[in-house]
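Protein sequence lines, in the order shown, are assigned to chains L and Z. Counting with the numbering used here, you get residues 13 to 211 for the letters of the first sequence. Counting with the numbering used here, you get residues 9 to 52 for the letters of the second sequence.
Hints listed in this document are in silico derivations from the structure and should not be mistaken for laboratory results. Any given hint could be a false lead.
Stated by the list, open to error - Straight-line distance between alpha carbons at most 25 Å, and here's what the computed BS3-like set of lysine-lysine pairs gives:
hint: 1; chain 1: Z; residue 1: Lys35; chain 2: L; residue 2: Lys21
hint: 2; chain 1: Z; residue 1: Lys35; chain 2: L; residue 2: Lys27
hint: 3; chain 1: Z; residue 1: Lys35; chain 2: L; residue 2: Lys29
hint: 4; chain 1: L; residue 1: Lys170; chain 2: L; residue 2: Lys21
hint: 5; chain 1: Z; residue 1: Lys35; chain 2: L; residue 2: Lys170
hint: 6; chain 1: L; residue 1: Lys170; chain 2: L; residue 2: Lys27
hint: 7; chain 1: L; residue 1: Lys28; chain 2: L; residue 2: Lys170
hint: 8; chain 1: L; residue 1: Lys28; chain 2: Z; residue 2: Lys35
hint: 9; chain 1: L; residue 1: Lys29; chain 2: L; residue 2: Lys170
To be verified - Not everything, but these chain L residues come out facing chain Z in the computed CB check (under 8 Å):
hint: 10; residue: Pro77
hint: 11; residue: Ser79
hint: 12; residue: Gln87
hint: 13; residue: Trp154
hint: 14; residue: Leu166
hint: 15; residue: Lys170
hint: 16; residue: Gly184
hint: 17; residue: Leu187
hint: 18; residue: Arg196
Unchecked claim - Some residues of chain L that are not near chain Z, with every Cβ distance over 12 Å (derived):
hint: 19; residue: Asp18
hint: 20; residue: Arg23
hint: 21; residue: Lys28
hint: 22; residue: Glu57
hint: 23; residue: Met118
hint: 24; residue: Asp136
hint: 25; residue: Arg141
hint: 26; residue: Glu175
hint: 27; residue: Ala193
Keep in mind that this is a model prediction, so the values were computed, not measured. Don't be surprised by glycine CBs; every beta carbon is placed ideally from N, CA and C.
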Amino acid sequence: MSLSVDPLKLREEVKKKYREVALDPGGEHHFHTGRALARHLGYDERMLEAMPEEAVESFAGVANPFSLRRLDPGQRVVDVGSGGGFDCFVAGLQVGPVGRVVGVDMLDEMLSRARRGAQRMGLDQVEFREGLIEDMPVDSGWADVVISNGVINLCADKRATFEEIWRVLRPGGTLQFGDIANGRPVPESARANVDLWTA
Amino acid sequence: MLSEVGFVDVRVSEPFDTFGGARGEAKARAFEVYGYTFLARRPG
């Protein structure tokens with residue numbers, strides 16, 4: 013299958029954009045970030061109030077992966093492209109101390125931020141691993157649930173991404189993710205412009 | 009694509025106005041871009 017853009021170029025552009033978010037979450041971005049965005053997307057208000065600013069300020073999701081289904085205590089969860097860790101913290105609170113949450117991200121800056129947040133919140137059941145979402149450092153069939161938020165649209169090869177998610181999910185497991193979709197077709201010239209994927 | 013890979017029981021939420029009021033709003037409006045939550049299951 014031919015791809016609209018060079019996957020490596022796109023990955024570098026995504027790294028550049030989200031490194032900016034990690035280092036300056038309140039800066040000028042083309043999308044909303046932080047606690048106000050989480051409120052707008054319908055995350056639980058009491059949970060948000062209890063979260064330290066560091067755990068939520070770099071949140072840059074596009075929907076709410078928990079809006080159609082809450083996680084069950086004890087479940088094992090993988091977050092695909094976990095960024096600053098916000099959705100992992102939500103997942104960690106829902107699955108509780110006997111559950112497990114693994115966030116996978118390719119950016120050192122986001123992983124550092126996420127690990128600090130988990131430590132600050134005392135979420136021992138949440139860990140973060142460096143890796144690419146097309147080749148996640150997670151055993152096959154390990155996860156009861158895979159979550160993601162605003163990440164899959166940034167992958168050049170979406171089919172390969174869904175196949176990797178399939179691999180880490182156990183049979184009977186659930187994929188619940190937030191992402192964007194367009195109601196009008198995007199011209200091929202725009203699809204081929206890597207700069208527009210993150211703008 | 010979810011179905012092509014093998015997922016079943018696919019559900020989609022109502023849209024979230026993800027970019028409303030953000031710097032990227034004009035581009036999002038031009039292509040009717042909204043956020044959605046997707047739910048799907050790997051058959052057991």
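Hint by hint, here is what the structure shows:
1. Z:Lys35 / L:Lys21: Holds, at about 22 Å.
2. Z:Lys35 / L:Lys27: holds, 21 Å
3. Z:Lys35 / L:Lys29: Since the Cα atoms of lysine 35 (chain Z) and lysine 29 (chain L) sit roughly 17 Å apart, the hinted pair holds (cutoff 25 Å).
4. L:Lys170 / L:Lys21: holds, 16 Å
5. Z:Lys35 / L:Lys170: holds, 22 Å
6. L:Lys170 / L:Lys27: holds, 18 Å
7. L:Lys28 / L:Lys170: holds, 20 Å
8. L:Lys28 / Z:Lys35: holds, 20 Å
9. L:Lys29 / L:Lys170: holds, 20 Å
10. Pro77: Interface hint status for proline 77 (chain L): holds (6 Å vs cutoff 8 Å).
11. Ser79: holds, 5 Å
12. Gln87: For glutamine 87 (chain L), the interface hint is violated, since the closest Cβ of chain Z sits about 14 Å away, which is over 8 Å.
13. Trp154: violated, 13 Å
14. Leu166: Not OK, violated: leucine 166 (chain L) not within 8 Å of chain Z, min 13 Å.
15. Lys170: holds, 6 Å
16. Gly184: For glycine 184 (chain L), the interface hint holds, since the closest Cβ of chain Z sits about 3 Å away, which is under 8 Å.
17. Leu187: holds, 5 Å
18. Arg196: At about 5 Å, which falls below the 8 Å cut-off, the nearest Cβ of chain Z leaves the hint on arginine 196 (chain L) intact, so it holds.
19. Asp18: holds, 21 Å
20. Arg23: holds, 20 Å
21. Lys28: It holds; lysine 28 (chain L) is separated from chain Z by about 16 Å at its closest Cβ, greater than 12 Å.
22. Glu57: About 16 Å separates glutamate 57 (chain L) from the closest Cβ of chain Z, which puts it past 12 Å; holds.
23. Met118: Given a closest Cβ separation of 22 Å, the condition holds.
24. Asp136: holds, 28 Å
25. Arg141: holds, 21 Å
26. Glu175: violated, 6 Å
27. Ala193: violated, 6 Å
The structure fails to meet hints 12, 13, 14, 26 and 27 from the earlier list, while all remaining hints are met.
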